[in-house]
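For chain Y, the structure is supplied; the task is to place chains H, R and P on it using the hints.
Protein chains: 4
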Amino acid sequence: MIIVIRNDAKQQDIDQLKSYVQSQGLRIHESEGASTTILGLVGDTSKVDIDLLRSINIVETVTRVQEPYKNANRKFHPQDSVIKVGDTQIGGGAFSLIAGPCSVETPEQIVGIAKAVKKAGATMLRGGAFKPRTSPYSFQGLGVEGLKLLLIAKKETGLPIVTELMDTRDIPAFEDVDVIQIGARNMQNFTLLKEVGKLHKPVLLKRGLSATIEEWLMSAEYIMSEGNEQIVLCERGIRTYEPATRNTLDLSCIPLLHEKTHLPVIVDPSHASGLSRLVAPMSLAATAAGADGLIIEVHNDPQHAWCDGPQAITPEQFEGIVDGVKKILPIVGKRL
Amino acid sequence: MIIVIRNDAKQQDIDQLKSYVQSQGLRIHESEGASTTILGLVGDTSKVDIDLLRSINIVETVTRVQEPYKNANRKFHPQDSVIKVGDTQIGGGAFSLIAGPCSVETPEQIVGIAKAVKKAGATMLRGGAFKPRTSPYSFQGLGVEGLKLLLIAKKETGLPIVTELMDTRDIPAFEDVDVIQIGARNMQNFTLLKEVGKLHKPVLLKRGLSATIEEWLMSAEYIMSEGNEQIVLCERGIRTYEPATRNTLDLSCIPLLHEKTHLPVIVDPSHASGLSRLVAPMSLAATAAGADGLIIEVHNDPQHAWCDGPQAITPEQFEGIVDGVKKILPIVGKRL
Amino acid sequence: MIIVIRNDAKQQDIDQLKSYVQSQGLRIHESEGASTTILGLVGDTSKVDIDLLRSINIVETVTRVQEPYKNANRKFHPQDSVIKVGDTQIGGGAFSLIAGPCSVETPEQIVGIAKAVKKAGATMLRGGAFKPRTSPYSFQGLGVEGLKLLLIAKKETGLPIVTELMDTRDIPAFEDVDVIQIGARNMQNFTLLKEVGKLHKPVLLKRGLSATIEEWLMSAEYIMSEGNEQIVLCERGIRTYEPATRNTLDLSCIPLLHEKTHLPVIVDPSHASGLSRLVAPMSLAATAAGADGLIIEVHNDPQHAWCDGPQAITPEQFEGIVDGVKKILPIVGKRL
Amino acid sequence: MIIVIRNDAKQQDIDQLKSYVQSQGLRIHESEGASTTILGLVGDTSKVDIDLLRSINIVETVTRVQEPYKNANRKFHPQDSVIKVGDTQIGGGAFSLIAGPCSVETPEQIVGIAKAVKKAGATMLRGGAFKPRTSPYSFQGLGVEGLKLLLIAKKETGLPIVTELMDTRDIPAFEDVDVIQIGARNMQNFTLLKEVGKLHKPVLLKRGLSATIEEWLMSAEYIMSEGNEQIVLCERGIRTYEPATRNTLDLSCIPLLHEKTHLPVIVDPSHASGLSRLVAPMSLAATAAGADGLIIEVHNDPQHAWCDGPQAITPEQFEGIVDGVKKILPIVGKRL
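Protein chains in written order, with this note's numbering: chain Y, 98 to 433; chain H, 98 to 433; chain R, 98 to 433; chain P, 98 to 433.
Rather than coming from a laboratory, the hints here were simulated on the basis of the structure.
Given that identical chains are not distinguished, each listed pair holds provided it fits within a single copy or across any two copies.
Derived lysine-lysine pairs resembling PhoX-like cross-links, with alpha carbons at most 20 Å apart: (1) 144 to 228; (2) 144 to 167; (3) 107 to 172.
Only chain Y is shown next, with the shape it has when bound in the complex (with noise of 0.2 Å):
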């Protein structure tokens, strides 16, 4: 970590910092130009909170040298982690097809629709049993009711299953669950990752609003910190200026996080645009930029299921994604 004191610094100002920083366990390698004192911090950064550094008045800029994550950071770890759940695995050169409808609502919309999710080449089933929901009027997801009706359709078609938990008091609720999912809105409820990082079991930890890639992986290092390695991110579109979409997918992301960190990083393009006509073609993209895995809405019977139909895509386009991401695995190095 490099700090650069400004200018009209003190001496005393620079010597109260420097006392500080060393009272952190850091060594100073101080170096002192023309115009400039610039202060080289040699330890383990990872624990200083650079925001408090920035704010400070004698302190021109800070830089950091080595990431704050240690634990999701390919430096430590240069393997891919790879993501064992059930016969299936995500990560390490196996891409994962994660498909299934928004909410979960009765036992033959899951059951039918993860058979039809399975037949058109899905690996694992996904669904809504508790939604966050923007308007405390929407409807908030079957709950524990639908946990149960997942673990049917799991019975059903061998499919494991990926659900969202919300609140620290489900946790026992979950137990029969695969992946857990954490939400964009709960990407920094840090009591939320603390708890699913006491568990053993696969996490799915979707990208925040407006989360920088930093602070994602810093998401992750929540949960690793507290002994659970097990996690797979999920980019699902940031926010921007742009109102065309829903938000802005960020495929570049992709590449990035290949190189920081060892986890795999799957993508959701159904929540990215908010338009399923761009499911497919965004689809391909995110393979092609190689990403370990999507994880799409797909509903059934879109006569009479207005609720997810619309934002959801059917089985059959899923089937046309699937024949679609099969043709280019391979030129990405990739396999099913």
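Okay, now just chains H, R and P, sitting in the frame of chain Y:
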């Protein structure tokens, strides 16, 4: 709510959409132009999921006519809400000055600061016991022990206490806290919002890192829909592309919120920029823009409190700000 | 266009607004609900200033039904536009590979690169003679001299030339240039747009740093409204809050633009991230998303060309990208 | 400037980078840590292209120690710049009130408004003759004819004139204009910046739609590097994700700019939000934040001037704003 249908929509799909809308308890006022069909939705549209409608393939645009929030809406509650806290109040012309350290550390520290800010004009004491930190390796606050120290400071000075709640499981420990703060990162932690909605205690709801004004009001609505109407909104800077400040303080939200809602709006100039030298000018600007109060980080001993020292201002600087604020208040029709 | 009137509007103000709208040559279809007046504007609304309408005090919201662009609109021109450049073409299923250095420097350099990229599969040569630089102290390009060097390279290889125009006064010097590039910073330099609109030459119009898709199409419309319909749109990354990449490449704009306009869309993966190691994966992703071409910075001699070397890739790396692109093209129904 | 080298860099590449840096006239202060090589660049780094350095594959991060602007830098010019315009001045404690209509329309209109705003306290007259419009189909201003009308209003009232220049070819027509405005969309029209840099006339430089503070100062530097040092910066709102206002007014840039530059900073509250009812509170807030002036849209006859009427305020409302501003000025140590 107005739905514009795409030119190429089939009549069968339009009919299905109309059935769906009617199944939500709404009436439809249809108008067919030369080339465009427009559906006006009449009735209570607050429960309608606008993102879902937008995602329907035959839909071109959806425009809300009614706001999706009711309890927070000034249309249905024209008078300013006044939130009473101890002997003081927020809103309705009363200006609130909340000050204190980033983190509670020792009894001497918090009591010392409490006395200093009270003398300088503060009407409430802030201080963090549970700290939301980006890194799992950063100091996470004293927790319940910190709450006890805040209560000692309250006893010594009479200042009501504002402090952040992060976990529903900690609610019992907040019984004697005067105002519960919901932090920016938890603004859409709907579980937490619902639980504080069941309390009989003012809630200071910070704006999320990249929350729109409408999303923010919907989070207030979550709390209010559970029965707790004592809410203070707090602008603390939004995420933008500008790197010179940590966040961009959005002061235009103040007059806009005064139009849309009856809830008081205060401003946190300390967290917005992350630069203590901007706290004074932005405090004056927020007051001139019509804010109902300020929440400012103040530390007492800059020589030995590097932790929250640098991003905070001293009690002397705070006194200078209070002086300026007092001169501006009569110009904007408010009083301390 | 639909105008929703605020509840508290006076009839006199509504009448005045209606007179104003009618004075713009539009008819009004008024519908009065229980609590809301809605004005439907019928006629050619492309000349209506939507920002002006939005700023009127009695107006709650304004929603466009018709797009404000006509010439660029696919509704009125359903077939893909095909832009012919020399023996090659862009759009209508033909994929274009434009490559070359950031800046033109010497005859040896530009001829060398031109030959290398042609061999690797490029269909056009790019190179900067006039360089828009953030700093007045940076190298601003060779200017007219650079154009001459590009023409030498064209003669030697037969590759058509793409290069940026910044000043209307330089237009005569661009007579033998094949495609005129309008840079991101000039996307709303309306003076420049109108002048290139008078030429009979393809224009490559880069998306502005933070331009919405609609603003971008309106800039295309500026050019087209003067008579020049040979426009190629070029996505090059948008400004977001994320610091890890210089800009965020918005690939979802590709399928969206294909819906809204008949103009071809290409992608510049070099400028988007500012990181040469992301060029390959983002080139494949753009191709899979349905782009009509790529424009890539390639340098020839990394050992002695630090100026544009580092942000560019080598001809060998470019050849690898072309290989991957060629494999993806049939999957998305395109050909080189 | 400090370059942190990636851990996996080869010595040969580091040596090449060092040669390149030295070829730019800079000396290198190298420091090798346990795992990291850091290069400190000593000398005049204002000409160094930081984006180029960042894009080099062996480079981890690059941090500026010196600002890239010199003429605009307060470090080298500690006193406030004072810009004289007619009998009035901007900066150095003098507050400037610029008012007038969006567009110049008729002699009666502009003379009428000029008299009205002068009476209300304005020190300069603004008005658009050349209008940058998003749509080619919108009214583009009266052009040279509009300039003539502005000069009539100047003669009648003595108010100096501020008006926008969009095209270098129009410069001769601006000879009698007092202050040339460069609009947000032209902030990085480097051709235009260089030409106004050759004039002996104050320039009002608006912040670009999504310009960083550093980019904005670099655009000022462009003008200054040609010899014209009479620059007034004008904040007018930046592009963010928030849809409730057209742009987000960034008032924290005012104290920040006062630190970084000696140039005066004024605020345009009319264009920022696009809502005339926010003009009054944001004018007071900008004044309290330390602005050196305001530029406000005022129209005279709301009943018959729908064109610029609605987004503007009336002379009576302007007078109310001037009253409030006058009361705040002594609190922040400024005078009209």
